[in-house]
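Residue numbers (my numbering), protein chains in the order written: chain A, 1 to 119; chain B, 1 to 111.
These aren't lab readings, by the way, just hints derived from the structure by calculation.
Possibly wrong hints are sitting among the right ones.
Said to hold, decoys possible - Distance windows between CB atoms, simulated:
id, chain 1, residue 1, chain 2, residue 2, range
1, A, Val3, B, Gly41, 15 to 21 Å
2, B, Asp58, A, Glu22, 40 to 46 Å
3, A, Thr80, B, Pro111, 44 to 50 Å
To be verified - Under the rule of at most 27 Å between Cα atoms (straight-line distance), these lysine-lysine pairs were calculated in the DSS-like manner:
id, chain 1, residue 1, chain 2, residue 2
4, A, Lys41, A, Lys14
5, A, Lys64, A, Lys20
6, B, Lys98, A, Lys64
7, B, Lys56, A, Lys20
8, A, Lys41, A, Lys20
9, B, Lys98, A, Lys66
10, B, Lys67, B, Lys56
11, B, Lys42, B, Lys98
12, A, Lys64, A, Lys14
13, B, Lys67, B, Lys98
14, A, Lys55, A, Lys20
15, B, Lys42, A, Lys41
16, B, Lys42, A, Lys14
17, A, Lys66, A, Lys41
18, B, Lys42, A, Lys20
19, A, Lys20, A, Lys66
20, B, Lys98, A, Lys20
21, A, Lys66, A, Lys55
22, A, Lys66, B, Lys42
23, A, Lys64, A, Lys41
24, A, Lys55, B, Lys98
We treat Cβ as the ideally placed atom computed from N, Cα and C, and that holds for glycine.
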Amino acid sequence: GAVVSQHPSWVICKSGTSVKIECRSLDFQATTMFWYRQFPKQSLMLMATSNEGSKATYEQGVEKDKFLINHASLTLSTLTVTSAHPEDSSFYICSARALEDSSYNSPLHFGNGTRLTVT
Amino acid sequence: QKEVEQNSGPLSVPEGAIASLNCTYSDRGSQSFFWYRQYSGKSPELIMSIYSNGDKEDGRFTAQLNKASQYVSLLIRDSQPSDSATYLCAVRDSSASKIIFGSGTRLSIRP
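Bound-form chain A, shown alone (with noise of 0.2 Å):
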């Protein structure tokens, strides 16, 4: 149980364009997921906390116009990166916790991440 899908694994895309990542919980519902960004040899950053049906609260230098977080329903959060630039290159991986696991001590389940090269 709780198995998060992200979609895709991996992308390389062009500087100036866009780019969306999907983050799916495929056998629970997710009120909370969290997106985080880890460069190489680095730990996880949260860039923002995605919950459904409400905007997303971005942490601190993270900018919420060029990470767009959608949460249209309990099982998918998208993040798009928009304008893409080659610093945006990094290993995006998202989190989600389940609705009924909502307690204090819940961990996160995580996806397999998407590994986003702009050339």
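Guided by the hints, dock chain B onto chain A, whose structure is given.
Okay, now just chain B, sitting in the frame of chain A:
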């Protein structure tokens, strides 16, 4: 700024020995602590979670928590080459709204 600190390593341990990974955190109100393992190019996978002071054992893994010292550790007994990975310490902050990760410790098990 709430922080989670780990030694980046690499930590080299001979096969069959005990690997000891340490983590400290700054938010004294934190209640939930997690250890994740991450292989290169892959997403993190949950190894252990711990919420109460003391030890929690699961197979070859033992998590230890000391809230007074704001310290959490992970012991891996009978280390195997497949344990070679980066281990991430994660802490749910006192507001319970998000999980903050340490920078990770790279563990290498040498045959």
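Taking the hints in turn, this is what the structure says about them:
Taking 15 to 21 Å as the suggested C-beta distance range, the pair A:Val3 and B:Gly41 conforms, at roughly 19 Å. For B:Asp58 and A:Glu22, the hinted distance range of 40 to 46 Å is not satisfied, since their beta carbons lie about 32 Å from each other. Range check, A:Thr80 to B:Pro111: about 45 Å between beta-carbon atoms, so the 44 to 50 Å window is met. Among the hinted pairs, A:Lys41 with A:Lys14 is consistent with the structure: their alpha-carbon atoms are about 24 Å apart, no more than 27 Å.
Between A:Lys64 and A:Lys20, the direct Cα distance comes to roughly 14 Å. Compliance with the 27 Å bound is thereby established for this hinted pair. At roughly 18 Å between alpha-carbon atoms, B:Lys98 and A:Lys64 fall within 27 Å of each other, so this suggested pair holds. The suggested pairing of B:Lys56 with A:Lys20 is violated, with an alpha-carbon distance near 40 Å, which exceeds 27 Å. For the hint pairing A:Lys41 with A:Lys20, the CA-to-CA distance comes to about 24 Å; that is within 27 Å, so the pair holds.
The suggested pairing of B:Lys98 with A:Lys66 holds, with an alpha-carbon distance near 22 Å, which does not exceed 27 Å. Distance restraint check for B:Lys67 and B:Lys56: the Cα-Cα separation of roughly 14 Å lies within the 27 Å cut-off, and the hinted pair is therefore satisfied. For the hint pairing B:Lys42 with B:Lys98, the CA-to-CA distance comes to about 21 Å; that is within 27 Å, so the pair holds. For a cut-off of 27 Å, the pair hint linking A:Lys64 to A:Lys14 stands: about 21 Å separates their Cα positions.
Only pairs whose Cα atoms come within 27 Å are accepted, and B:Lys67 paired with B:Lys98 is accepted, the gap being roughly 19 Å. Taken as a hint, the A:Lys55 and A:Lys20 pair is honoured in the structure, with Cα atoms around 17 Å apart against an allowance of 27 Å. In summary, the hint linking B:Lys42 to A:Lys41 is supported, as the alpha carbons are separated by about 12 Å, within the 27 Å threshold. The suggested pairing of B:Lys42 with A:Lys14 holds, with an alpha-carbon distance near 24 Å, which does not exceed 27 Å.
Of the supplied pair hints, the one linking A:Lys66 and A:Lys41 holds, its CA atoms being roughly 24 Å apart against a limit of 27 Å. Restraint check for B:Lys42 and A:Lys20: the C-alpha separation of about 20 Å stays at or below 27 Å, so the hint holds. Of the supplied pair hints, the one linking A:Lys20 and A:Lys66 holds, its CA atoms being roughly 12 Å apart against a limit of 27 Å. With a CA separation close to 23 Å, the supplied pair B:Lys98 and A:Lys20 stays within the 27 Å bound.
Proposed proximity of A:Lys66 and A:Lys55 is supported: the alpha carbons are some 15 Å apart, at most 27 Å. As the CA atoms of A:Lys66 and B:Lys42 are separated by approximately 25 Å, the hinted pair is consistent with the 27 Å bound. Annotation: proposed proximity of A:Lys64 to A:Lys41 holds, straight-line Cα distance about 25 Å (limit 27 Å). Our distance criterion of 27 Å between C-alpha atoms is met by A:Lys55 and B:Lys98, whose separation comes to about 16 Å.
The structure fails hints 2 and 7 (numbered hints given earlier, in ascending order).
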